[in-house]
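Q: The residues making up each chain are set out below.
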Amino acid sequence: MKFSIPDFFKQLFKGLDALHRSNAAALTVFEVEELENIFALLLLGSFVGFPSPPTFLAVELLPFMEKELRILNKRAKDSSDMFAEMCGTIGID
Amino acid sequence: MTTLIIIVGFLIYLILYFTYGKKLERDVVVASDDNETPSQRLYDGVDYVSARKEVLFGHHFASIAGAAPIIGPALAICWGWAPALLWVWFGNIFIGAVHDYLSLMASVRYDGKSIQFVATDLMGKRTGYAFYWIVFFLLILVVAAFAAIVGGMFVRTPAIASAYAWKIFAALILGVLMYRLKMNFGVATIIGIIMLGAAIWLGTVTPIAASYTTWMWVFFFYIIIASAIPVNVLLQPRDYLNSWLLYAGLVLGFIAAIFVFRGFEVPAFSSFSPVLLGGKPTPFWPAIPLVIACGSLSGFHSLVASGTTSKQLDKESNGLLIGYGAMFTEGFLSTIVIVSIAGFGYTALQNAGVTTETLNPGNWGAMFTKASASVKLSKANLFVQSYADMVGATWLGFIPTKFVKVIAGMWVASFAMTTLDTTNRLARYCLSEMALPFKEKAEGFYNILTNRWIASVVPAAIGIWLAATGNWLIIWGSFGAANQLIASIALMTGAAFVAKKLKSSFVNAAVIPAWLLWITVTAALIWFIAVVQPGAIAAKPGPGWTVMVILIIMLILNFIFIADFIRTKAYKVEE
Chain R
1 MKFSIPDFFK
11 QLFKGLDALH
21 RSNAAALTVF
31 EVEELENIFA
41 LLLLGSFVGF
51 PSPPTFLAVE
61 LLPFMEKELR
71 ILNKRAKDSS
81 DMFAEMCGTI
91 GID
Chain A
1 MTTLIIIVGF
11 LIYLILYFTY
21 GKKLERDVVV
31 ASDDNETPSQ
41 RLYDGVDYVS
51 ARKEVLFGHH
61 FASIAGAAPI
71 IGPALAICWG
81 WAPALLWVWF
91 GNIFIGAVHD
101 YLSLMASVRY
111 DGKSIQFVAT
121 DLMGKRTGYA
131 FYWIVFFLLI
141 LVVAAFAAIV
151 GGMFVRTPAI
161 ASAYAWKIFA
171 ALILGVLMYR
181 LKMNFGVATI
191 IGIIMLGAAI
201 WLGTVTPIAA
211 SYTTWMWVFF
221 FYIIIASAIP
231 VNVLLQPRDY
241 LNSWLLYAGL
251 VLGFIAAIFV
261 FRGFEVPAFS
271 SFSPVLLGGK
281 PTPFWPAIPL
291 VIACGSLSGF
301 HSLVASGTTS
311 KQLDKESNGL
321 LIGYGAMFTE
331 GFLSTIVIVS
341 IAGFGYTALQ
351 NAGVTTETLN
361 PGNWGAMFTK
371 ASASVKLSKA
381 NLFVQSYADM
391 VGATWLGFIP
401 TKFVKVIAGM
411 WVASFAMTTL
421 DTTNRLARYC
431 LSEMALPFKE
441 KAEGFYNILT
451 NRWIASVVPA
461 AIGIWLAATG
471 NWLIIWGSFG
481 AANQLIASIA
491 LMTGAAFVAK
501 KLKSSFVNAA
511 VIPAWLLWIT
521 VTAALIWFIA
531 VVQPGAIAAK
541 PGPGWTVMVI
551 LIIMLILNFI
561 FIADFIRTKA
571 YKVEE
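These protein sequences, in sequence, are chains R and A.
The working numbering puts the first residue of the first sequence at 1, with every later residue one more than the last.
The working numbering puts the first residue of the second sequence at 1, with every later residue one more than the last.
Be aware that one or more of the hints could be misleading.
[To be verified] Dumping the calculated DMTMM-like pairs for lysine to aspartate or glutamate here, alpha-carbon to alpha-carbon at most 20 Å: (1) R/77 to A/121; (2) R/77 to A/443; (3) R/10 to A/54; (4) A/53 to A/33; (5) A/500 to A/47; (6) A/125 to R/31; (7) A/22 to A/54; (8) A/315 to A/121; (9) A/53 to R/7; (10) R/74 to R/31; (11) A/53 to R/17; (12) A/503 to A/27; (13) R/74 to A/111; (14) R/14 to A/34; (15) A/53 to A/433; (16) R/74 to R/36; (17) A/182 to R/17; (18) R/67 to A/33; (19) R/74 to A/33; (20) R/67 to R/34; (21) R/74 to A/47; (22) R/77 to A/433; (23) R/74 to R/34; (24) R/67 to A/47; (25) A/22 to A/44; (26) A/125 to R/36; (27) A/182 to R/31; (28) A/53 to A/111; (29) R/77 to A/111; (30) A/503 to A/111; (31) R/67 to R/36; (32) R/77 to A/27; (33) R/14 to A/121; (34) A/280 to A/265; (35) R/74 to A/44.
[Stated by the list, open to error] Now the stretches of chain R that chain A is said to cover, found in silico as 3 or more residues with beta-carbon under 8 Å: (36) 23-34; (37) 62-74; (38) 81-88.
In case anyone wonders, no lab produced these hints; they're calculated from the structure.
All C-beta atoms, glycine included, are put in the ideal place defined by N, C-alpha and C.
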């Protein structure tokens, strides 16, 4: 593939734009994920072993929540290994 | 000399990246784009999703860069500029960056699990559990160290305190513009940068003068309040403005260091054991990792690398740039700091009132720490002044010196304050994990320890109390010890990963640094406990004993790690 200076700068600015957008949202995304976890646990907790009875709302939403259930299951499995992810989001150095 | 060192440093990092770095990638980690990374194998569009390598590099670098790569080298100048540079260059290349890269790639091969998980799997459960203890101590000590540094800086240069307060105000407005009014991102960014510039200017015209004790109280309440409010109100927009401050500081510093063409005022080598930590002769080995952490080697980076970074890595070949390359970039930042102080630090001290009789190249090792303390010029302020003078001595001199001073001060203060108000979250998590053994046996005690407000207040209170003693050199050394202890476990884990999982014939590239680091950290801890800490206890028994207990627990944990490393033969490739 031929190296093109305009393409190089285009990719560079795209990368910089993506980087700054990520910087402007990283902490908020982390907080939103925490809130999503809590919401999903409250609503669908019984499907991952959380002792709460399924509400009519959960049953009605079930057909639309396949992706959320999968992610919830994965997060439940990863919940004992949250430490490094918190360190990665929170800058300590 | 400044230009030469910057160019030599840049070339060393560049050449070693493409030689030693590539060898690590090819022969030790055996990285291949044919291997699916967790972001591909476990893709879910939410947690496991590929990020562009530039974004990941920028995010990873911003997470690992902070105030420490500035303060450490400023302290290490007491050995002369050459030993400090040697550690920043070669300690980084052969130990620090190897540590970061192996932590990242071990996590990638473990489906994005943390280095703590990998350590538990390869070395045993108690090694994994010990992470919580050491990080908890690290968080207390880093709050103490950074509060002391920023407090000293605010007292000496009230304009920096004022600029920081105005920046908080600017961050609040930016938060409203970006997240409430949902203003166009580019426009909001430009407004944010203009407000940041205005905050720096306003700082120079409306300085806030207050005593050190007053600032300690301000920081304590700031920590509590900042950790309680939603992140999009203050922390998020403030972090975004910080990233622009980081770029400005790096770019200005790099350009100035290249074009200043100045010789060094500081001697290349002063003494093997100059007076530094606790007012005691501090031997270069084993104390150097305690003094210069993040610019060369930092255990905390292993947690950052094995956190979100490993889950978003697009392909394995990007790992070298992000894990190894980001650490080199931080080393380069520390190089700029050393160059600025070596070139302008002595003049800064003389302008602050230090005479040639008191401090000169002949007695540099014995008198540097005492002389700067006598004129109340802390290492943070020494860097601020040196950096401003370096920029002013180039074609960038049209920027007013007091403006550049505030930029440099804000650079240090912003990252240090970020640490202050976010450590509470991590400390709460650590405390809840450390308290787990009490959950069944002493539920009442467990509930008290893990109470949200108690868990937030206790680490902050201990940290600020230690900072209030003013003896920040003791705290800095202890913080360095905790940080390097984590580095020691992480590097041992990386070595174990290379030996046990990769079965690489180049395992020594990981095992030798792991052993060297363990021996160095152990020797440093023993020296600190035996030589430095008794003086601190005699001066102020309460804080002195608190730090002593922390150091002793860490030393015991250190011996447990090596026992697990040897017991599991984690250093050996077995067929």
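Q: Any hints this thing doesn't respect? Which numbers, in order?
A: 2, 5, 6, 8, 14, 15, 18, 19, 25, 26, 32, 33 and 34
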